[in-house]
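*Asks:* Sequence:
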Amino acid sequence: MDPTIKLILLLIFFSIACASTTEKKFEHCERVVKDWALSSLHQGINNDKHTLKDLLFFLHVPRTGGRSYYHCFLTKLYPSSQNCPLSYDKLRFDPSKTKCRLLATHDDYSMMEKLQKERTSVVTIVRNPVDRVLGSYEFSVEVAARSLVHPDLASATKMSKHVRAKTNGMSALDVWPWKYLVPWMRGDLFSRRDVRRQKGSSEAKSDSPYDMEDMLMPLKEFVDDPIVHDLVHNGATFQIAGLTNNSYLAEGHEIRHCVQKHKSLGQHVLHVAKKRLDAMLYVGLTAEQKESATMFANVVGAQVISQLRDAKFSMDTSADNQSDYISSWRLDSELESNIDQMTVAELIEVYEGCSSSMLKTQSRRRFASLKRISPANFSKEARRSISDEVLQQIRTLNYLDMELFEHAREIFAMRRVLMGNIDMKDGSEGKFDRLRVFELWKIPSLVVLFILLLVLFVFANARRRVSKVKV
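Per my numbering, the sequence shown starts with residue 1, numbered consecutively.
Just so you know, these hints were derived from the structure itself, not from any lab.
Using 25 Å as the maximum straight-line C-alpha spacing, the simulated DSS-like pairs for lysine-lysine come out as follows:
hint, residue 1, residue 2
1, K158, K371
2, K49, K114
3, K263, K275
4, K275, K114
5, K49, K76
6, K117, K275
7, K263, K24
8, K114, K53
9, K220, K179
10, K34, K24
11, K360, K76
12, K261, K275
13, K380, K360
14, K275, K34
15, K220, K263
16, K161, K371
17, K117, K53
18, K371, K360
19, K99, K114
20, K53, K275
21, K261, K274
22, K261, K220
23, K199, K371
24, K25, K261
25, K114, K274
26, K205, K380
27, K49, K117
28, K179, K371
29, K275, K49
30, K99, K53
31, K99, K76
32, K158, K179
33, K290, K360
34, K274, K263
35, K380, K220
36, K49, K99
On a predicted model such as this, the values are computed, not experimentally measured, just so you know.
Build out the structure end to end from the sequences listed, making use of the hints.
*Replies:* This is how it looks when you write it as structure tokens:
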């Protein structure tokens, strides 16, 4: 047989074998993803999503502005004794401390496997995927740039370990996903600095901070990297679905990789993530900062205040007949002295002052960090220099997050309408309760009203017919 024909037949056979293997891998992935999605949906949905349960789980999606909610809302509301210990890293979360009431973490939804679902309320904030990816890039560069004060990467790494061990505190290097992204970015910054030194040049060849390849990793390169594909792209969907590389689920990693390899399977994960958003106590939007904060104060804050007051009242009046829940709720002395006077309006004022102060502090720290890679300077104005091609690439790669973001916007819009024209400044915590009662009873009430009108209409027609017969 002619060698050419042999080669062609061999290639055909190889192609058929590869196609068969690929098809089997897809079928396996499809089965695994569908089984997980079906199981997740069958776990049940919170039927009373509007009522704050014993434990508040703040599922903090990175770069959504959640830090201000944690420090300026939640730590102002909850006594420190009710904070789950060092819960921003799953390695430090201690589920044996059953009496904690606030869990704020970058851990994904699979954390619920360690919690009592029926006693847990979940809240989160969602951001435009393009802005979230840009924020992830900027923050990775910013934190990594702080290490450039050291002469080389080895000394920077050594000093970082020494400081963390000495202070026993937490830094970005302890928190997902920064514990992966920052060291990677730091190594890249030191490599580029070494090249500049060898060349004897420190001038940037671009005006855009997103394309200064002599100084830092260009945005386009960042977006294309496998690390970013695994940690950042569609990160909100995977986090809310419980399928990040930080997942507690044994099958979580396989499901995520299947979805990343077979795009069509992503719809199953998206469906689960949407259902979980629907069942949450609160869903905020980063872009709607003021309205989101106001809604959070009225939906979550009002109920926390109410619970704390009830707990204090119960401890004051019925110390001998306390439930386990009430007896476990010990108020900090400062909070106990202020809880009787605290209102939603005051909570919002506290948040506004605190978040403004945080923003100024973060801006100063960011400015100091970016001085290490001057003239690179990230800003809203600088973002306009990003090419449409790169922005479109980010949207395409985050196709799941784009849909999830639109769903979050719909939820936010519906709940904003539901709350109506509430005057957020009169400090009434009972408004949300009244709103919730209205929502629960408005449909039966409308049905009853319709039936009454129908009965009156039939009765009136019958009277009219009787009158005509008599005439």
